[in-house]
Each structure stands twice: as structure tokens, then as C-alpha cells.
Amino acid sequence: MPLAEGISFDLTVIWAFVIAFAVLVYVVLDGFDLGLGMLFALEPRRKDRDVMMNSVAPVWDGNETWLVLGGGGLFAAFPLAYALILPAVYAPVIAMLLALIFRGVAFEFRWRTERWKPLWDVAFISGSALAALSQGIILGALLQGIEIDEAARQYAGGWWDWLTPFTLAVGLGVMAGYMLLGACWLVLKTTGELQNRMRRWATLFAPLTVGFIAVVSLWTPFLQEGYYSRWFTGWGWGLAVVVAALTAAAFFGLLTRLRMASAELSPFLLALVLFILCFGGLGVSMFPYIVPTEVTIWEAAAPEKSQLFMLVGAGILIPIILAYTAFAYWVFRGKIDADSGYH
Amino acid sequence: MFETFDAVFLARLQFAFTVSFHFLFPAFTIGLASYLAVLNALWLWTKQERFLNLFRYWVKIFALAFAMGVVSGIVMSYQFGTNWSVFSDKAGPVIGAPMAYEVLSAFFLEAGFLGIMLFGRDRVGPGLHMAATAMVAVGTFISAFWILSVNSWMHTPAGFSIDPETGQFLPEDFWQIIFNPSFPYRLAHTVTAAYLTTAFIVGGVGAWHLLRHRRRGEIATGESRTMFSMAMWMAAIVAPIQIFLGDAHGLNTLEHQPVKVMAMEGHYESHPEGAPLYLFGWPNDETQTLDYAVGIPKLSSLILKHSLNAPLDGLDTVPDEDQPPVFIVFWAFRIMVMIGFAMLGLGLWSLLARARGRLYDWPMLHRAAMLMGPSGLVAVLAGWITTEVGRQPFTVYGLLRTADSAAPLDAPAVGASLMAFIVVYFAVFGAGTWYILRLMGHEPSPAEPRLKDVTTGPTRAAGRSPVPDAPKEE
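Those protein sequence lines, which keep their order, are chains A and B. When we follow the working numbering, the leftmost residue of the first sequence carries the number 42, and every step to the right adds one. When we follow the working numbering, the leftmost residue of the second sequence carries the number 3, and every step to the right adds one.
Note that these hints are calculated values from the structure, not bench results. Honestly, I wouldn't trust all of these hints.
What the hints assert, rightly or not - Now the stretches of chain A that chain B is said to cover, found in silico as 3 or more residues with beta-carbon under 8 Å:
1. 116-123
2. 127-138
3. 339-346
No residue lacks a Cβ here, since even glycine has one placed at the ideal position from N, Cα and C.
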């Protein structure tokens, strides 16, 4: 049944939303703990670092699992897209995987050695930074478009196509955004001096993030014809104005709340709003393409039988996952300090 | 520097390297998660401190191994797309769904409850903590279920059709896809292998502490005795079951992948009147002969066909381009089988020691158990190599060739990433293994320090400070 012009409500659309949802949850959850990893670089005091790491130690693994669902879901529901996109961003994907190894093991290794603790701190910082940069570059490369050989169903571009000023800008933007999320998370989870410093970091990274959002948003429509007409013709104009206004509102709200000592949760929520708005904007730019502007979600879709079989499981399991993930966050709620930490 | 190799070869090398490293961690943690659940349950049930102490001891090791398993596993989930994109496009409609189910039903379960299992005992109470520990153990098992289903489908594909236009495999019946002909055998054989692997590591650590105490003329702690005893029960009971399961798996392979069995047995020639079991030999693919062969007449026919004179086909019935590399399969199989029988031997020896009341006082037995500590890991790898190399030259057996599965990559790109993986894996997982060994080197003691005690301050525990054999900085 058609909902609007060119959009029909079918399994493939549902799966596009499921994968978009997984990626959004990943970006939000691993976003703050990757950002926290980068903030390590700015917080050299050992005790502060212990507190910071303890604030995510019980949940980081679950956060990262959404990345596996995003990739695994893409493989399962849109195998052609998976096969086209990953070879196109080969180098940043490998870099991201290696970076995630370094930062992932740092969570455990750091507590197992005194002498090498600084080394694992460096692994945590650089791993977090490289993972964030790579994720931004992958997103940028997808947005700017990848060259494919339609007959052979294969990627047809070169090995450095992903490296452009645009993808680097997106990469840096994602780094700034993650650090904003990380700082806001720590405002929520810490007290005293550390919390004050986190407010200041958030106040620094908020304008930086919004600056990158503005640059990337203004750049994107000029990358591909399709984006331009989507945003700057007909009702696109209205949408663009609304999204920009909401972003500005969230930004000023965030700055105001960061100045208030009593506001602990609201900065994090407002930072989330910024991310959700960006994500929505991306969706508007790309839909219904999964490899813009070459392959639509329907062209890349797995057979209906596969999508239906998975949807039964996803429909039952994702709510359960969300429930016990929320429970885990609830169990480890409250402030962290060096003495009452988990590790 | 990689121009002399082709990209497919390098991609295969990269997959073999990353999957071998990765597989060691789940092989250990599947068993260890169950062991921890058992220890936790025993502690709740009996209230004997030694079970809680053992739980606290092994949970630290589990946390390290699990983290390494997670990060090396994420690599695997993306490598299908980066290096094997053609395979992903073609097989994705069939195997993508079970892999997505693995993430939804297993990975999230493990990750969601891991934090509570590691850090939550005081926050959620003993009942919920037990439930979380059990969920982690169940999660590792569900994960094995799905991934082995996918892997088995690549060996014995079923329940699909092939799209004539795109060459994609299309699902016809997911029940047949998941429960494909080799899956039950592979699942049983692999999960049992994981349990044995853990049992021998736990037993090896227990034996090491028993030996150290004996050298000092002291009596070992109850914790060391308990873990050694539990491990030896596992060895004695599970090793014979595993040999039986291995035999059943072999017969299933003979039915569905006879060429693999020919390579495992070194049968280059057909044996119309009963095939010998080759114990030793030097497979030579060039001349298609098994050089220096030493064999027992008719035994291979007896094992595989349960009849002395049953004819067995050899690789001479298979075109060259469809043969797996025999040398690797032949020897990997032998290593696995030899370790399996050594495990059985140690299990029987422990029964004898129990009967004589010498389980904790037989240094030769303890030395043997220590030596056998890592044997499960070797056997698991050897078994994996046997089955995976035996599937070559296909990714989907008989249907999709490995050479036709790879991504359109240049050799330098694959070579460079391979080098990066090798350097990072050896550095990172080498360090992790060192930390695990150091934890194993100190003895589980009464009032074993908790995860947070050992990490935030000097190792001290109520009543005994400092704890003897506390983990010391190098």
C-alpha cells in the first residue's frame, strides 16, 4: 500500500528502517563511549581516567554489538549493498576494526598491569579516535557515492576513492560529535571537579560539532544531483528550514543547560537530539537509495523469504534486547567515583 | 612486495589467520562460561567458599578472554564484505539470516548480561546474578548454534535454489538450511571440543598449583584440588563421548563430502578390496601418491564402512581442480585424533588415580595434565583446519569456488591489511595471553580477591594480607 509518492510500505522498507535504527543506536551508544576514549587524551589524571572508564565498563560491550547488528543486518537484508559498499571503503573499515581491537582490549588490559597502564591508555585514546574518524569517513564515502559495475554486481572504483576533503570533514565532524556525547555522558555520571571540566569540554565541542554539521549539510547537496533536488525543490525547502531551525534550537538549549549546575541529564539528551536530527537529514538525502544514487533498497534487497524469516526474529528479539539493555543501564545507574567503581 | 601473490591467495591467508586467532577465544569461553555458571550455582547451593573463590578466580580470566573474542569477532563479521564480497552477494540471502539471528539471540544476550555477571553481584543480589551468569553461558551456546549452522551449510548446502540471472543462492526452506545434513554432527563435535578445551586448561592450572605445593612440601588449597578434580571428571567422561561423536561426524562427512575424507585418510588411490588405515605418510599432490606410507591393512574400510573388504574410492576418481590440498588435511586430522586419544588416556589415568586415592598426590599425572593444558586449543584448530581446508577449492561445497568468491581487490590492498592484522594480533593478543598466564600463575586462594579489589588497589583480602602468590608486577 503506497504511503506517499514513490514510497510503498513493504518488507524492504521495514528492513531499511531496522538497519537505520541499529546504526542510530550504535552511533548514540558507542558514540559516547568512543568520545569518552578521546576525552582520555584531555584528562591525564589517573584517577579521573579510572572513573571515566568505569562509567562504561559494564555496558561498552553491548554498545558495540549494535555495530555488528548494523553490519550483519545489512549483509542479511541487503547483501548486494554489503558487497558493494565494503570493498569501496576497504581501508577505513580495516582501520576501524583494528582501532576497535585496541580500544576494546584496553578495557581489560588496563587493569592488569601497572607498568604498561600508560600504553593501554594510549591504545584506548588512539583506538577511539581512529574508530570515530574511520566511521565518519565511511559515512562520507557512502554519501559522496561509489562507483559500481552494475553488470558484474561489483565495486568498480579505486582503492583511495574514499579519501576526499569531504570525507575528511565528515570524519572530523563525527569525532567532534562523539566527544560532545562523551562529555555530556560524563556530566551525567561524575561529580565535582571532573564534572565541571566535562561541562567545559562539552561547551567547547558543541559549537565545533554544530559547525561541522553546518559545513557537511551545505556541502552534501552539491555532491550529487539527487541530493540537491531533494532539499532545494518543492517541499524540500520547507524541510530544510525546519531541520535547520530544530538543530539551532537544540544547540542553544544545550549551551544554556551546560551552564546550569543542576542540569545533568538534559545536556546528554539534547546532544542526542542533535545526532537524531543529523541522522534524519541523512535519511532524507539518501532514501530510497542504499548506495546513492546507484542502487535502491529494493534493488539490493534479499529475497522476501529471507527478509520475512528475519523479521519474525527481529520483531520479537529487538524489544527484548532493548529491555535487558535498559535493565543493565538501570543496574549501573548513578554516579561513579574512583572508590565505588566497578573495576 | 605483494605483487607475486594473487589477491585471492592473500585473502584466504588473511581469513585463515584471523579466524584461527578468533576461534581460540570462543573455544575457551564457551566452556568457561558454563563452568562459571556451574561454580556460581554450586556456591549458591552449598555455600562452600571454595566455589565462590574459584568463580572469582576464573571470572577474571574469562573477562580477558571474552574481550579478545569480541574484538576479534567483529573483524570476522566484516571480513565477509571486505574480502569476500562476491560470496556475500551470492550467499547472503541464505546465510545472512542465520547470522543475523546469531547477533540478535546470542551476542546481545552475552554482552547485555556480561556487565552484571562481572560487576553486578552486589547490585542485583545472588539470584539475579546467577541468572545473568547463566544467560552469558546460554548466549555462548546459542552463538555456537547459529555460526556452526552457517558454517555447516557451506559444507552441506540444502534448502536453496539458484537464481539463474544473478547467481545468488535463494532460500527455499529455512528449516533445511539451518538443520542441514552436517549441522547436528558439527555442532555436537565442536561444542564438546570447547568443553574439553576448557576442562584441560582448568585441569592444567590445577595441576600446576598441586605440583608447586608439593615441591614446597605444603598441602594444596581446596580450590586447587577442586578445580583439578572437576576438570579430570570432565576429561574422563567427555573425552570418550567426543571420540564417538568424531566418528559419527566422520561418517557423515564420508556420506556428504567423500573427497574430504579421501584427503583426511590419504587415499590417493581407490581401494576396491578394502582400504588400509594410514598412520603415517607424506602426501605428495604432484605425484598423487602417499610417500613413505605406513598403514594397517583394511582398517580404514572397517572404520568408515564397518566392513573389512568394503571398497573405497580415492582421489584418482576426482578431477585435479576439485581436490583439496591433501598434505594439510591429512596432518591436521592426525594431530586432532592423536590429541583426542591422549585426552582419553589422561581421563582414564585420572580414574585410576581416584580409585587408588592418589588424585592429588601423583606428580606424573599432574605433569601430564599440565602438559596437556593447552592441547584442546591445538586440537580445536587442527580440527577446524581439517574441515575447512578439506572443503577447498569451494566456499559453498561443490557449487561456489573460492576463487570466484573473493572481492575485486588488488593484491597490495589485501597484503597490507594482512600485515596489519598479523602485527596487531600478535602484539595485542600476545599481551592478553601473557596477562591470562599471569593470573593463572597465582593460586586461587581462600577469599579470592574480586575483580574490583585486584584492580583498584594493593591485593589484600580480609584475614590474610598480603595474599600469598598474589599477582605481582613483573
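TODO: Starting from the hint list further up, note which numbers the structure goes against and sort them upward.
DONE: none
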